[in-house]
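Q: Based on the provided sequences and hints, a complete structural model is requested.
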Amino acid sequence: MSRTRPSPTGATDPTGSTDPVVAVRDLAVDLGGSRILRDISLEVHRGEFVALLGANGSGKSTLVRTLIGVLPPAAGTVRVLGADITRRAGVPWQRIGYVPQRSTATAGVPATVVEVVRSGLLAAGMLRPPRDADARVRRALERVDLADRAHRAVAELSGGQQQRVLIARALARDPEVLLLDEPLAGVDAANQASFARTMAGLREDGVTVLVVLHETGPLAPLISRALVLRHGAIVHDGEPPPAAPGHDHDDHDHLHPHGDSRDEHWAEERAHGGDRPTGDRSAIRITPGGLA
Numbered sequence: 001m002s003r004t005r006p007s008p009t010g011a012t013d014p015t016g017s018t019d020p021v022v023a024v025r026d027l028a029v030d031l032g033g034s035r036i037l038r039d040i041s042l043e044v045h046r047g048e049f050v051a052l053l054g055a056n057g058s059g060k061s062t063l064v065r066t067l068i069g070v071l072p073p074a075a076g077t078v079r080v081l082g083a084d085i086t087r088r089a090g091v092p093w094q095r096i097g098y099v100p101q102r103s104t105a106t107a108g109v110p111a112t113v114v115e116v117v118r119s120g121l122l123a124a125g126m127l128r129p130p131r132d133a134d135a136r137v138r139r140a141l142e143r144v145d146l147a148d149r150a151h152r153a154v155a156e157l158s159g160g161q162q163q164r165v166l167i168a169r170a171l172a173r174d175p176e177v178l179l180l181d182e183p184l185a186g187v188d189a190a191n192q193a194s195f196a197r198t199m200a201g202l203r204e205d206g207v208t209v210l211v212v213l214h215e216t217g218p219l220a221p222l223i224s225r226a227l228v229l230r231h232g233a234i235v236h237d238g239e240p241p242p243a244a245p246g247h248d249h250d251d252h253d254h255l256h257p258h259g260d261s262r263d264e265h266w267a268e269e270r271a272h273g274g275d276r277p278t279g280d281r282s283a284i285r286i287t288p289g290g291l292a
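In full-length UniProt numbering, the protein residues as written are 1 to 292.
No wet-lab data here; the hints were simulated from the structure. These figures come from a predicted structure and were not determined experimentally. Treat the hints with care, since some could be wrong.
[As the list claims (entries may be wrong)] Quick list of simulated restraints, FRET-style, between CB atoms:
| id | residue 1 | residue 2 | range |
| --- | --- | --- | --- |
| 1 | G206 | A135 | 32 to 42 Å |
| 2 | E239 | R35 | 42 to 52 Å |
| 3 | R131 | D205 | 18 to 28 Å |
| 4 | T18 | A75 | 24 to 34 Å |
| 5 | R131 | G33 | 43 to 53 Å |
Here a beta-carbon is modelled for each residue, glycine too, at the ideal position from N, C-alpha and C.
A: Dropping the structure here:
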């Protein structure tokens, strides 16, 4: 499935290019001898805020890791900011931000907040930080509301604050495109609200965002488009699904990484002409076998 559309926000490329920020054609990815992604074709244009949804094991994280060149395509092509992601030397990494899952990136890190954020500049392929590194780090920490914790050890922070440190690390390079892998997983309501404010600012600035989610949560008002994966294939590309009931309540802390397939089932209904009533899931029951 391939979609071609203009930038929804009017955001412009500094180079004047009208090419998509992300362009994937007939992508397949294999892991451990098994095909994880198949027949993936999509375009993401400048200024879009795209949610990548689906149950655990649907291929969301695999797709993001392929977009940043960590996993090689078994077939097809992947271009980010016009560059073939498999030709690493030609990729403008300094214009791409990536936020991994917190559990894989902050465990046992013996560093301060400012040191971790500053490392994002070195990760962009620079042999040494740029002259304005301190200013970049300061701005990034301000964007995630952590400027007052700059010299704290990362290990002393809460899980939600650690996630915001990783976001600041990606923002330190002022990326044009930002990819995030499940940034809301295991994060309490207060930190989710802070994250949503940061993302709203990026959307206003025209940054292109592709974020892996189990549910849209507080990001629902920002999402311009949803891609829903099932069994390694895109089953929906378009309107985001309705938010799950209860997720706009203050006592819903989002500490659970949802693993059901509600968004996949919604996508399939839409694909077959159905339209689930907004906010009403009483007619749908999730079972180990799917819909009942």
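Q: Would you mind marking each hint as holding or not holding in the structure?
A: For each hint, the structure was consulted:
| no. | hint | in the structure |
| --- | --- | --- |
| 1 | G206 with A135: 32 to 42 Å | 21 Å, violated |
| 2 | E239 with R35: 42 to 52 Å | 28 Å, violated |
| 3 | R131 with D205: 18 to 28 Å | 22 Å, holds |
| 4 | T18 with A75: 24 to 34 Å | 27 Å, holds |
| 5 | R131 with G33: 43 to 53 Å | 48 Å, holds |
Hints 1, 2, counting from the list given before, are not met by this structure.
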